[in-house]
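Visitor: The residues making up each chain are set out below.
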Amino acid sequence: MLKDITIGQYYPADSAIHKLDPRVKIITTVIYIVSLFVTNDWIGYLAAFLFLAACIKVSKVPLSFILKGMKSIAFLLGITVVFNLIFTPGEEVLVTFWKITITEKGLEMAVRMAIRLSFLIVGTSLMTLTTTPNQLTNALERLMKPLSFMLPVHEIAMMMSIALRFIPILMEETDKIMKAQMARGADFETGNIIVRIKNMVPLLVPLFISAFRRANDLAMAMEARCYHGGAGRTQMKPLSYRGNDWVAYGVMWGYLAVCIVLRIVF
Amino acid sequence: MGIVKTAKLIYDYIRYDENEKEETFRAIDGVDLEVEPGQFIAVLGHNGSGKSTLAKHLNALLVPSEGTVWLDNMDTRDDSHIWDIRQEAGMVFQNPDNQIVASVVEEDVGFGPENLGVETPEIWKRVAKSLEGVGMTAYRKHSPNKLSGGQKQRVAIAGVVAMQPKCIILDEPTAMLDPNGRKEVLKVVHELNREEKVTVILITHYMEEVTDADYVYVMDHGKVVMKGTPREIFSQVETLKAYRLDVPQVTLLAHELKESGVDVPDGVLTTGELVDALCRLN
Amino acid sequence: MSIELRNVTYKYSTGTAYEMVALDNISLQIPDGQFIGIIGHTGSGKSTLIQHFNGLIRPTSGQVLFDGEDIWGEKYDRRHLRSQVGLVFQYPEHQLFETDVLTDVCFGPKNLGCSEEECKERALEALHQVGLKEKYYHMSPFDLSGGQKRRVAIAGVLAMNPKMLVLDEPTAGLDPKGRDDILDKVKELHETRGISIAIVSHSMEDMAKYVERIIVMNHGHMPFDGTPREVFSHYLELEKIGLAAPQITYIMHALAEHGLAVNTEATTVSEAKESILKALGR
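Chains as they are written, first to last, in this note's numbering: chain E, 1 to 266; chain B, 1001 to 1282; chain F, 2001 to 2282.
It should be emphasised that the hints constitute simulated quantities derived from the structure, not laboratory data.
Honestly, I wouldn't trust all of these hints.
To be verified - No more than 20 Å apart at the CA atoms, straight line, and that leaves these computed lysine to any residue pairs for SDA-like:
#1 Lys2209(F) with Asp2180(F)
#2 Lys2240(F) with Glu1259(B)
#3 Lys1146(B) with Tyr2012(F)
#4 Lys198(E) with Cys2114(F)
#5 Lys2278(F) with Met1176(B)
#6 Lys176(E) with Leu1147(B)
#7 Lys1183(B) with Gly2043(F)
#8 Lys1223(B) with Thr1024(B)
#9 Lys1187(B) with Thr2042(F)
#10 Lys2209(F) with Glu2274(F)
#11 Lys1146(B) with Thr174(E)
#12 Lys2149(F) with Lys1146(B)
#13 Lys1241(B) with Asp2206(F)
#14 Lys57(E) with Leu46(E)
#15 Lys1141(B) with Phe166(E)
#16 Lys1146(B) with Phe65(E)
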């Protein structure tokens, strides 16, 4: 069950997007998100859609794989849409039943929200799908380097990449512990919220103990492999921009320009 | 002097009980060990015999309470050599998941050389060569999570090999693997020993794994209680049992036949040896 | 009959590109009181199989019956079933969570709605039966050794008074003595409680020594199901699927080939010894 969450899981493929410098992908994703909120017109959404569709096509990640990842957050998306739908006040009332009124404005907001959010999610997951967690943290480390006088940038990046490595492992472990306790008659599915939280104890205690043991083991294994912080460390995959990266930046600025022009014109 | 040497090594764990009173527990009690370069050494012992604690001394993850450990003539208590020691004595641990740092196989193999400050092109060369050596080249772009236990351990071994150690210490590397995984890992370790002349110290409680070792130490209660060639060790079936260990079925059968008056040699290690001995009698 | 699987098929991630058949049309019966072994390498479907026994996994198609009733029937109480078919997973660390051993073992009966007194009574009986010394009852389960943890985990399931006990690799990670101790205890439980036992294991030697029936799993199929003797007579086919018969089987076959009149069906050391002594005319 937990294994089905594929959102953001790296999808190995040999595509131009996979090969881009991760910094390009992070910056482009940020710009893309900004563009979604700059745009307020349908033609703007069309541009955002086309840009995203083109990126997906180039990335060679199957659409079905991306959409499957969406399933796990469809619920969240649904709630946002419903909230917008019923809580937006407006003049033109479309439907009224019981105490709920749906206005034209509400409908419009809901649709806009749905589009923005799903584009945002697909866009960010496309970044994580085409970039390994290590590349991502590497890029963040580089992008945040100017802040290293006030932040332990290398350590933060290392912590993030280790967390990303262990999340799937701990998910699987949660599944196993749940089953082991269910085999002893534990019930994780019924009761009110307080009962349920109480029932989580047999799941959480073994999980935490295991996580601490893993942390301990890993720290020792890293020390044994001569890890001693960022000083004097070289990189196997140092980041350096190549031709394609500049092209990608060009495409990105082009896209942003189109968005701005569309916003001004329409 | 050998590549690894310990003299009167003692290690006390210090624990604090509920009243914060200090309690000491002697995990290693006067161990003398000497390993020559290129040897394949096995350390046997049941769980809690002190063998893992010993392993952690060999690359300065722990330092002795008393006595001395030298690695390639460097005293492990000398802080100025600590990174040299860890580079020369690579360590592979029991749990394959808890020693893989990166989310891509090749990046994990590169982790050690990165820490050593090796130049980028050289890292790539070493990674390629190490993965080749453990037969994992086909998986270099994979996520470690999708690999079997045996494959993960091979990646861990490659990660150590990429640091170009003189000696590899494997602390129960097969305890969490199935029989096929165990075979894969041992094959790789033996190849490294044979072809790259890397000194190997294998810590285990599986008796089948030590039959090909050059020399075997058996530990119990922190002491070395038996030492010798596998044949010498395996000829003492009863003593091994007293140390919570057992012998392969073939050795046990030969031993029992001998007890019943059949003339077979001591310390039979392989099926072939026993069959030959019995056929000669017939 | 106690448990019956009728044409059970189980697929992971149905309807996606990652669809994988873990069990393919498996039918089998486990009568009351049997001691069976389930063997197969990692990924053969054996873990999926045993999770069908107590309703942790719902078959994609086919039926699972307990005492003749379909456990996926509309009103079937699967929590009650789980107390009847006790499943102990591989790592005790996945189930131990209480502050002391006794309370932890009480968790199962408490979930069944037993009174506090009865919980304690059952827990004490279960702990006694798995052979854990009383001095450990009020210790934290996390301070115990691997073998002791395993006992507490088994007791935790046993305290629910199951009719059948299913153990997933109960000896993984234990040293030889610890392994023998646990298996001896399980055998004793089988005899004193009269419950049926299913053990998942990688060790053919252990299977030969303890179980009366072996189920071999491979790629979701069940190529062999029979007494150890029957199953090991297929030792060449077993090898093809990455498994092996006990060493003894190989020795006996090799001896027979060399013209010694031994019983090739012998599967344990003592049987082999008898047969060889007889063949040598002693």
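Visitor: When the hints from earlier in the document are held up against this structure, which numbers fail?
Guide: Result: hints 2, 5, 12 break, sorted rising.
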